[in-house]
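Residue numbers (my numbering), protein chains in the order written: chain W, 1 to 734; chain G, 1 to 338; chain R, 1 to 163.
A hint or two may mislead.
Unchecked claim - Only pairs whose alpha carbons sit at most 25 Å apart, straight line, appear in this in silico SDA-like list of lysine to any residue:
{"hint": "1", "chain 1": "W", "residue 1": "23", "chain 2": "R", "residue 2": "132"}
{"hint": "2", "chain 1": "G", "residue 1": "58", "chain 2": "R", "residue 2": "103"}
{"hint": "3", "chain 1": "G", "residue 1": "39", "chain 2": "W", "residue 2": "731"}
{"hint": "4", "chain 1": "G", "residue 1": "335", "chain 2": "R", "residue 2": "103"}
{"hint": "5", "chain 1": "W", "residue 1": "720", "chain 2": "G", "residue 2": "233"}
{"hint": "6", "chain 1": "R", "residue 1": "81", "chain 2": "G", "residue 2": "80"}
{"hint": "7", "chain 1": "G", "residue 1": "336", "chain 2": "W", "residue 2": "258"}
{"hint": "8", "chain 1": "W", "residue 1": "731", "chain 2": "G", "residue 2": "232"}
{"hint": "9", "chain 1": "W", "residue 1": "720", "chain 2": "G", "residue 2": "232"}
As the list claims (entries may be wrong) - For each label pair, taking beta carbons as the anchor points, the in silico distance ranges come out as:
{"hint": "10", "chain 1": "G", "residue 1": "133", "chain 2": "W", "residue 2": "138", "range": "21 to 31 Å"}
{"hint": "11", "chain 1": "G", "residue 1": "326", "chain 2": "R", "residue 2": "79", "range": "18 to 28 Å"}
{"hint": "12", "chain 1": "W", "residue 1": "558", "chain 2": "R", "residue 2": "103", "range": "49 to 59 Å"}
{"hint": "13", "chain 1": "W", "residue 1": "733", "chain 2": "G", "residue 2": "133", "range": "51 to 61 Å"}
{"hint": "14", "chain 1": "G", "residue 1": "328", "chain 2": "W", "residue 2": "414", "range": "26 to 36 Å"}
Hint data in this document are derived by calculation from the structure and do not stem from the laboratory. C-beta atoms are modelled at their ideal positions from N, C-alpha and C, and glycine is treated no differently.
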Amino acid sequence: MNAYVGTPTSRVDGRAKVTGAAKYAGEFPADGLLHGFVVEASIPCGRIARLDTSTALQVEGVLDVLTHANRPPLADKDDSWKDEVAPEEGSPFRPLYDDTIKFNGQPIALVVAEDWETAKFAATLVRVEYEQHGFATDLEGERSNAAEKDKPHKPRGDAVAALAGAYVRHEADYVIPTEHHNPMELYATTAVWDSNGKLTIYDKTQGVQNVHKFLCGVFDKKPDDIRVVSPYVGGAFGSGLRPQYQVVLATLGALALKRSIRVVLTRQQMYGLGYRPMTIERVALGAKSDGTLDAVTHEAIAVTSRYEDFARNDTGWAEQLYKSPNSRFAHKLVHLDVSTPCDMRAPGAASGVCALECAMDELAVALKLDPVELRLKCYSDRDQSENLPYTSKQLRECYARGADAFGWSRRNPVPRSMRDGKELVGWGMATGVWEALQMPVAVRIALTSNGHAEVSCAASDIGTGTYTIVAQVAADALGLPIENISVRLADSTLPQAPVEGGSWMAASSAHAVLVAAEEVRKEVLGLAGKIPGSPLAGAELVDTVLTDGSIANASDNSRAVSIADAMRHGGVERIEKEKLNQFGEDKKHARNTHSAVFAEVKVDEELDVIRVTRVVSAVAAGRILNTKTGRSQIMGGVVWGIGMALQEETVMDHRFGRIMNANIAEYHIPVNADVHDIDVIFVDEPDAHINALGIKGLGEIGIVGVPAAIANAVYHATGKRIRRFPITLDKLLD
Amino acid sequence: MNNFQYARANDVADAIRLLAADPGAKLIAGGTNLIDLMKENVERPTRLIDISRLPLRKVEGTADGSLRIGALVPNSDLAYHPLIEQRYPLLASAILAGASAQLRNMASVGGNLMQRTRCAYFYDTATPCNKRHPGSGCSAMDGLNRNHAILGTSAACIATNPSDMSVALAALDALVHIAGPSGERTIALTDFHRVPGDKPHVDTNLGTGEIITAIELPPPGFAQNYSYLKIRDRMSYAFALVSVAAALELDGNAISGARVALGGVAHKPWRSLEAEAALRGQAATPDHFSHAADLLLQGATARSHNGFKVELARRAIVRTLTQAANATPQSQAHKKIA
Amino acid sequence: MGDVTHQISERIPIHLVVNGVSHTLDLVPWTTLLDALRDHLALSGTKKGCDHGQCGACTVLVDGRRINSCLTLAVMNDGAKITTIEGLANDGALHPLQQAFIDHDAFQCGYCTPGQICSAAGLLVEGRAKDTDEIRELMSGNLCRCGAYPNIVAAIQQAMGQP
């Protein structure tokens, strides 16, 4: 079985997406559909003193204005509001629950009207008076209030003493700003009310079953009362891991009015939800004269809300990457009057590894070592935090292949030494690392005697290619052409899947397909073996494969029975098998993906305009299921890295506690003209330990390391070290 | 968006009549800025008068060698018009530096002149802004003012004009033809936009009930020695931090005529006749360009976050004049700065 | 504002030819062309990504020119011929750009894709993009958060018949 896995198969949902047929959450029709528009708070902290909806209600076409004062019941226990991705500590936000204002942009009313424009207009007529409380939204201003999370990293050795005695020591703060995901699709929910009072919720989410369980809890509904569906998701990048507040509001609206309703947030309102938290990353490295590390410390100070402790692993990545006898890591939180951050592409690592890899570059300069050579000197074959070997780690090969493709050996190490006319040329590099996670997933396969199979699972495809890889793996495992496979995803009634995130869905869904396919094969073998004179009579399951529409002896394909014959003989039209795959626990290995990123920038020597002209990303991520969609994922991560390095920053005016660039004209993300040559190299990384197919996942690794590689290239070009991201030209100008 | 009435004007006179009949009315042509602002509830017209079908779409030469551009010519049509490409390439380049292909297809020449500032506080109705709500205060003054003006500011407003096209038009000494209740008149483009003073809510000197009918470009097109250089936070589809329109007439290496206009630094396209006079008769050399830059930036004042613009503008002026002198105008597609 | 506040402006009858099909609609003037397509004609292939002309997801062709349908009112387009993503394929045969986008994996989530393809169709008609940099610049009004830009450029080059 190897016809599709590992090949550059085109997306199976491609046609739907290029013809406009693919329907997203805010696009499902319903009879008598109502439209809701959200009214937001314009202060960061306080309470609603008075909310006057009378004028809004007089507008022709307005049916209702839902507020905390008139809404249908909502759960009153935190447990009901905790979705599967919610932080352990804290009390999740409850939209329209009471008169408390916890953050600017908080929803405080939902205007419901017969059409969207009327609802939007009437929303401007809702009058609000606040009782404003004192507030703080500035991380740097509140840095002294940072408190360590209760579960600190376990230190190794004595990092403080080792740093004090180091031959070369580098210590600095790196500041990563708040960033917003800004998927292209607006956050949206269409709640369809049927005559029996049941709801079908089309929601922009990365986890339909997470939203389903959450809604059942929040609204005290039985599982059968609500179905959550999300066949296409217009980008998410972590923003759809937790249920977004509009899904609560849409459900509230449907229950209140007993009608179908759609709630779509504006781009501006999307900034009121989760984001990558601003962090101050303090990294200290101590090296011996031979260029090996003696000490690493990394402390992150991150924003969270007053009501939840959101924390990710920013620090500690050095434990996977660089050998050092002494280390100490800490993650501190500052509680501010803002909404809770959430996961955003490579949460923790994108920020923390950025700081670490800039610091390593600074150390290389101090040691007068080539940045790649420094990393090779410090290369760790074990994850030092648990002192474990890796299931596989081809990072050395990433450095070698990446450097070779980039032409790194031609680099003059002296800053400002390479030029192209009026442009200073900078070459920088960095390492990337992410976890190779895998989760329990169940898949159902329905094979029909005409040789078609439907493969279904509740997992989402947020653009990552889940539809396609599931089809590839199923086609191979069932021995059918990929055209004969149809894949159904993202419906809460389908077999179990977690949220799509953390780069775990490829490995998790692929192996679920394998185990379900094996159940199908078992059934087919049973039928085939009963045919009189069957070439497979008495054959063991392990000795058989499904191939070319038949079940065959694995070592002698001529001993085969066609699936159609087996099913016809057995009088079976359809074989349907569902199986949950759980990965065995392996406490003897660390599981990570790695990358080596090389970037070229050109910086105008007078005007300091920075262009990223080339990026080479060499990735070791086990076996690549689909080299076409996989390459796209890494390329997308590189584009994110360009944005993170040079452009992206959510800017808040702390006098108002308000985000002042809550749009995608002034919150800059890369445009086509910003992106030039991106070379993605997949380094061969056989992995016999991690799982049967040797898959690790690609969603996050593409961004990690890219911002640092670019920042290091900017240093190499200009001789200026910018530690406050993004690196805009004004920071270089002097 | 607020609730408004819609009317389609049949001719210019009809548009003027409709405007006079409703003090809350606004004209709409391309709509790219007005509809954006209406969606933010910053603009709340009681009536939109659709002038997009008026016959103001011609680009035609006049007897005295000028070029008359109808107010409704789409930005992209103007940028790609053979007469503009050949005679006024500076204008073509500036237009192509702005917005996106789609927006340039929609936006009219007259509408481009009427663009309002992109100041974040102007757009956010929850914050004070003298331009949006006279007398409420200027939030940018002591707030997030990285994008804000360094020239011609007042105690009431430090907003910038976001147009690229207007910067080139200012350098080219364009005239704005206007029709109104009391007949037709012409204003120099450099007098069309205002500095904020104590009336920052008034962007232009267009009078109540008036409509732009055409732009006129006088003959010197500077087609040999020109450049439009726009510096921004990404390579395309972003407003200028600083932009420079430079146009030179050279006699050998000596400057016989010079025009320099700045964008992104003031409430209007910024010119200095003094700077241009200082260039005339001088050799086209960096030190003379540098001196002109100093004169252009005389009186520049920075707030907390936009001080970099002074130095950036100084360097950009020198660079753009150099590009113009070398006849190596900045390409808007090829991003390496010539 | 008196009655203006409570009573919505009168609907205005307009006529649009969308993908060759004639439609008569009665619309309140505040309805944008984008919302008319999505909400009144059930053509949800045209996407709303920002509603402010900042992303290009709503790009359609009006009388053959690419525009942002979120920044124009439907009433202003009375009588116009509009082509959306749903109108590009011919009798089920994909437009060369649509096929090229699949071939080059020029999208991931697919949400910006209709706008990218319509924008690219406009770009081909304009005939102004002669090299890679010019394609990049003239496609910069279409944001792609998945970061498929290099593949989008390759797809457009395929459709242009360039290597």
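These are the hints, each one checked on the structure:
Simply put, residue 23 of chain W and residue 132 of chain R have alpha-carbon atoms about 32 Å apart, too far for the 25 Å limit, and the pair is violated. For the given pair, residue 58 of chain G sits about 43 Å from residue 103 of chain R by alpha-carbon distance, which is inconsistent with the 25 Å threshold. The suggested pairing of residue 39 of chain G with residue 731 of chain W is violated, with an alpha-carbon distance near 34 Å, which exceeds 25 Å. With a C-alpha separation of about 28 Å, the suggested pair residue 335 of chain G and residue 103 of chain R falls outside the 25 Å cut-off, and the hint is violated.
Between the alpha carbons of residue 720 of chain W and residue 233 of chain G the distance comes to roughly 18 Å, so the proposed pair stays at or under 25 Å and holds. With a C-alpha separation of about 23 Å, the suggested pair residue 81 of chain R and residue 80 of chain G falls inside the 25 Å cut-off, and the hint holds. Distance check on the hinted pair: residue 336 of chain G and residue 258 of chain W sit about 59 Å apart at the alpha-carbon level, beyond 25 Å; violated. The straight-line distance between the Cα atoms of residue 731 of chain W and residue 232 of chain G is roughly 13 Å, inside the 25 Å bound, and the hint therefore holds.
The suggested pairing of residue 720 of chain W with residue 232 of chain G holds, with an alpha-carbon distance near 20 Å, which does not exceed 25 Å. In this structure the hint that residue 133 of chain G and residue 138 of chain W lie 21 to 31 Å apart at CB holds, the actual value being about 26 Å. Look at residue 326 of chain G against residue 79 of chain R: about 49 Å separates their beta carbons, and that is not inside 18 to 28 Å. Take residue 558 of chain W and residue 103 of chain R: their Cβ atoms lie about 37 Å apart, and the range 49 to 59 Å is violated.
The beta-carbon spacing between residue 733 of chain W and residue 133 of chain G, approximately 34 Å, falls outside the hinted interval of 51 to 61 Å. For the hinted restraint 26 to 36 Å between residue 328 of chain G and residue 414 of chain W, the CB-CB distance of approximately 29 Å keeps it satisfied.
Of the numbered hints given earlier, the model fails hints 1, 2, 3, 4, 7, 11, 12 and 13; all others are met.
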